[in-house]
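Enquirer: So the sequence lines, in the order shown, correspond to chains A and C.
For the first sequence, our numbering assigns the number 168 to the initial residue and increments by one for each residue that follows.
For the second sequence, our numbering assigns the number 30 to the initial residue and increments by one for each residue that follows.
For the record, the hints were derived by calculation from the structure and aren't laboratory data.
As the structure is a computational prediction, the values presented were derived from the model and not from experiment.
Note that beta-carbon positions come from the ideal geometry of N, C-alpha and C, so glycine has one too.
One thing to keep in mind: the hints can contain errors.
[Claimed, not checked] For the chain C half of the interface with chain A, some residues (derived, Cβ under 10 Å), not all of them:
(1) Leu94
(2) Arg133
(3) Ala134
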Amino acid sequence: MESVNAKYVSQKISKTRWRPVSHSSLQQPDIFATGSWDNEDNKISFWSIGNHGSSGMDEGFEGDPQLLCEHKHDGDVLDLQFLDQDRIVTTSSTGAVTIFRHHQNSQTISVSQRWPRVHRYPCDNAPCTGVVCSSPEIVTVGEDGKIIVFRADQEGVIRVIENADSSTIHAVTYLRTTEILTVNSIGQLKLWDLRQQSNSPSQILSLSGDRLPLHCVDRHPNQQHIVATGGQDGMLCVWDVRQGSTPFSLMEAHSAEMWEVHFHPTNPDHLFTCSEDGSLLHWETSTHSDMPSFLQGGRNNSMISRSAMAPAGGNQSLISTWLSGDSSKGRLETTHMLPSQTLSVNSLDVLGQCLVCGTDGEAIFVNRQVPV
Amino acid sequence: MEELDVEPAITNIPAASDGKHLGFAWGPGDILAYETLYMAPGSGCSFIHEVRKDEDIYSPILRKLFNESHHIFVGLQTIREDLPSKNKKTQFVSISKNYRSVIRACMEELQQVAETLHPYMKTSVLVLQVSILLAIELIWNLCEVLFIDAAPAGPLLLHLLDWVRLHKGDVDEKAREVLQSESPAEHHDYWDVVVSYVLQGRFEEARQMLVKQATLQPAARNMYKLMDTLLSKMPFYNPGGTQTLTEFDVKWRHWHEEVDRCLQDNSFASNQHLEIICKILVGDEDTLLEHKELLSTWYHFLVTRLLFCHPTVKPTELHYYAQSCMTMFLDLRSVPEPLDSILLAAFEFDIHQVIKDCSIALNNWWFVAHLTDLLDHCKLLQSHNLHFGSNLREFLLLEYASGLFTHHSLWQLAVDYFDNCPEFGHVYLELQIERVPLDTERKALKVLRICEQRQMSEQVRSICKIMAMRALRNNRLGSALSWSIRAKDAAFATLISERFLQDYCARGTFSDLDLIDNLGPAMLLSDRLTFLVKYREFHKLYEENRFSEAAKLLLSLITAKIAPRSFWMTLLTDALPLLEQKEVSHNLFVFSSDKLIVKRLPFSLFTSLCSQN
Numbered sequence: 168m169e170s171v172n173a174k175y176v177s178q179k180i181s182k183t184r185w186r187p188v189s190h191s192s193l194q195q196p197d198i199f200a201t202g203s204w205d206n207e208d209n210k211i212s213f214w215s216i217g218n219h220g221s222s223g224m225d226e227g228f229e230g231d232p233q234l235l236c237e238h239k240h241d242g243d244v245l246d247l248q249f250l251d252q253d254r255i256v257t258t259s260s261t262g263a264v265t266i267f268r269h270h271q272n273s274q275t276i277s278v279s280q281r282w283p284r285v286h287r288y289p290c291d292n293a294p295c296t297g298v299v300c301s302s303p304e305i306v307t308v309g310e311d312g313k314i315i316v317f318r319a320d321q322e323g324v325i326r327v328i329e330n331a332d333s334s335t336i337h338a339v340t341y342l343r344t345t346e347i348l349t350v351n352s353i354g355q356l357k358l359w360d361l362r363q364q365s366n367s368p369s370q371i372l373s374l375s376g377d378r379l380p381l382h383c384v385d386r387h388p389n390q391q392h393i394v395a396t397g398g399q400d401g402m403l404c405v406w407d408v409r410q411g412s413t414p415f416s417l418m419e420a421h422s423a424e425m426w427e428v429h430f431h432p433t434n435p436d437h438l439f440t441c442s443e444d445g446s447l448l449h450w451e452t453s454t455h456s457d458m459p460s461f462l463q464g465g466r467n468n469s470m471i472s473r474s475a476m477a478p479a480g481g482n483q484s485l486i487s488t489w490l491s492g493d494s495s496k497g498r499l500e501t502t503h504m505l506p507s508q509t510l511s512v513n514s515l516d517v518l519g520q521c522l523v524c525g526t527d528g529e530a531i532f533v534n535r536q537v538p539v
Numbered sequence: 030m031e032e033l034d035v036e037p038a039i040t041n042i043p044a045a046s047d048g049k050h051l052g053f054a055w056g057p058g059d060i061l062a063y064e065t066l067y068m069a070p071g072s073g074c075s076f077i078h079e080v081r082k083d084e085d086i087y088s089p090i091l092r093k094l095f096n097e098s099h100h101i102f103v104g105l106q107t108i109r110e111d112l113p114s115k116n117k118k119t120q121f122v123s124i125s126k127n128y129r130s131v132i133r134a135c136m137e138e139l140q141q142v143a144e145t146l147h148p149y150m151k152t153s154v155l156v157l158q159v160s161i162l163l164a165i166e167l168i169w170n171l172c173e174v175l176f177i178d179a180a181p182a183g184p185l186l187l188h189l190l191d192w193v194r195l196h197k198g199d200v201d202e203k204a205r206e207v208l209q210s211e212s213p214a215e216h217h218d219y220w221d222v223v224v225s226y227v228l229q230g231r232f233e234e235a236r237q238m239l240v241k242q243a244t245l246q247p248a249a250r251n252m253y254k255l256m257d258t259l260l261s262k263m264p265f266y267n268p269g270g271t272q273t274l275t276e277f278d279v280k281w282r283h284w285h286e287e288v289d290r291c292l293q294d295n296s297f298a299s300n301q302h303l304e305i306i307c308k309i310l311v312g313d314e315d316t317l318l319e320h321k322e323l324l325s326t327w328y329h330f331l332v333t334r335l336l337f338c339h340p341t342v343k344p345t346e347l348h349y350y351a352q353s354c355m356t357m358f359l360d361l362r363s364v365p366e367p368l369d370s371i372l373l374a375a376f377e378f379d380i381h382q383v384i385k386d387c388s389i390a391l392n393n394w395w396f397v398a399h400l401t402d403l404l405d406h407c408k409l410l411q412s413h414n415l416h417f418g419s420n421l422r423e424f425l426l427l428e429y430a431s432g433l434f435t436h437h438s439l440w441q442l443a444v445d446y447f448d449n450c451p452e453f454g455h456v457y458l459e460l461q462i463e464r465v466p467l468d469t470e471r472k473a474l475k476v477l478r479i480c481e482q483r484q485m486s487e488q489v490r491s492i493c494k495i496m497a498m499r500a501l502r503n504n505r506l507g508s509a510l511s512w513s514i515r516a517k518d519a520a521f522a523t524l525i526s527e528r529f530l531q532d533y534c535a536r537g538t539f540s541d542l543d544l545i546d547n548l549g550p551a552m553l554l555s556d557r558l559t560f561l562v563k564y565r566e567f568h569k570l571y572e573e574n575r576f577s578e579a580a581k582l583l584l585s586l587i588t589a590k591i592a593p594r595s596f597w598m599t600l601l602t603d604a605l606p607l608l609e610q611k612e613v614s615h616n617l618f619v620f621s622s623d624k625l626i627v628k629r630l631p632f633s634l635f636t637s638l639c640s641q642n
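Could you build all of it, start to finish, from the sequences and the hints given here?
Expert: Below, the structure written as structure tokens:
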């Protein structure tokens, strides 16, 4: 595992995200942002791995991530997303939502916009646990069970869904451009249609059996009915939101809470999960048949792909291998991506061939040669 | 109480004014001090001062040291006991080298930072930290050579030479300066560099330097050639070779006699520098002592002296030479520094003294804890019990980990250290983990996971109760319920259900339907909770006009007696409209069961019902 190195950064990393690269260029990502937690002075930082050159570089160790700039952050960074090339949105344990702007020329960071105390209880602040954005719209969720919608250049909030949940909402993601999915601490996956004015979800799905908290959710990049979640017991669940109210398949993944799950954005046969037990798993499925995917059944025109261009080699069969129901039927390989046991891996992000993750051992791991 | 080894350090509290009394309270890693009025009139002071002993854990660069060494520590604990001892030794040596490289990396980073600061701002703290790390690495390296690697006579000297060379970096700097000048042989530091190389046993480099001088003085060519020959012929012991120690010793004596002969012959009499070098080669103590500045430390002097006088020194003989070298090198007036006595104790193979002296000299338990742990794994520490229970290794690890636990962020590392203290680790962890502040749910979940993995059920219950109470206070009933489910706390679940039922009585509708309707098997946690869910189900069935099912459910609720007393009236009043439903009234079963209900009601309630009607 020569291409994975630990960089110790003197702060526990709670979130790490790659800066998005434009679709037209074939570049690998070179800048990522991290947020810290559990410090007296928390920070957000931007790092570079110097992938500016072409892919003809020599193999192996190409240098540690270099710190570009950092900025103080009030409270733990509970979630972080890139709004566009220069701006990130962060949510804080003080209940605030902040947009930071990264000035590339001077390598400085400034606060571009701030909504303090948007998530709160009557007498106290409530940590804001998740954010998802599709510029300029931003949606956040918190421990107070509220869903709040903002717009990036407007003061104040656009919409608040009070009491959306009686328990803590841990994560949120977009299902379609106007629909979002949230997961909460009683094991429910809720679908909200933001076009509706009602304050109740349009659909509720939950696990049968113990209602353990769900911590993370991610949607399949091409097939928008397929959603993966991970929860307190470390089980990876794959759901089909069109059918049924229970998950389609359950796979034992980790021995402790699963903090993040990500489908690879351009190669969705690959899935990555990271957990409190200190491991980061790379899941890879493959189809049974050798038939090219476009011969396997008609395309359903009602599926709207969110990316501007269709992915080149992606699996577009209607019956995705993620929904095979039983992990022993389809070929499902899992590999550990970190060289040895570490403290909890809190966050990961994958883009192209690069993977970055941050741990409670105050280390960042970057892998530039993920086999996807 | 035993006598103190050193005078206690005095810390002035700047803000406290003279003549005031100070009160204090001990904390886990620090002291809180405050001004207090003690019989004297006057106004009080509203400040509390926190006096910390260990500033190092708050240094961002040193934090890397703690994290990386934690990683190495955890790896060390997993080395299997059943490996043959030779393999284990190489593993231990490589682990020791890992620790040292971590120390070096931190040191270099501190030095870099110190250099970038404005000269006026060169804080003495950074410089002090660098020098402490240097000393630590020096001591650790020596311990590795003497204790872990435990080289026998022969390789021992080679390892000691490496040790000295590693810690005397300024020779290379000077050499670089000299070589980069226009005429190296005429540089004023030239001979210093050559002599330093010789003192460190680096004869190749010395010879290369001498060549430059030789070319400048063609007349003295023979002399230089002779010196070159002497330097090249000095035997060094080859541990991997077939030569035994005795054979090497014989060879070395031959060479030594040859050098002595050259000296007696006055072969180098005309060149003072070469004469000095020759005297060094023969091991003349006075010449060596004349070069105190180049040697700079007594242990360098020791190793050089051993190199040229006793290259086959045995480990057990080291301390004689060490003591005498230290006495010779240091002035009679100067007091030996703590570092000197620690190194001397190491040469005497007195591990316990080394650890004790280091514990006193350093303000942080990091070094002694990790070194002792490694030495314990090498089975080098005799297990003698201390007065306060547990052995030395465990004591030091517990102290170190307790110090870590006071840090707002590094407490997570401490957990692994406690895990590896078999006698008291668990108890310490139980006491400490409850004090970790829980600001967010995410942190609480991590602490809970730590407790659950170690079967600390008391702590699990108490943390879940804290979080559930907090949620309840903020009216987050779903969160409160999920915490009580995690702790399997039936009593709390009952409390939450009571809240729901009170809400219902007050408002006539249920709140948080998404929670109650979707609880699943979790509702069996407490009777009251089951009742709540079933009661809501009853209402749902009624609204959907499924009256017979609703009636059956209501019946089971009444007969199961899980309803709170306050609700019995409500249940009966709910039954009344059902009796009016045709499909229900036609069901004999229900009729006859109604009579059963009436029979089972306590007399008091029956009479109150009758009086109401």
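Enquirer: Now tell me if each hint is right for this structure.
Expert: Hint-by-hint comparison with the structure:
1. Leu94: Given a least distance of 9 Å, the restraint on Leu94 of chain C holds.
2. Arg133: 14 Å, violated
3. Ala134: The hint holds - Ala134 of chain C has a Cβ within 10 Å of chain A, the shortest such distance being about 9 Å.
Of the numbered hints stated above, the single one contradicted by the structure is hint 2.
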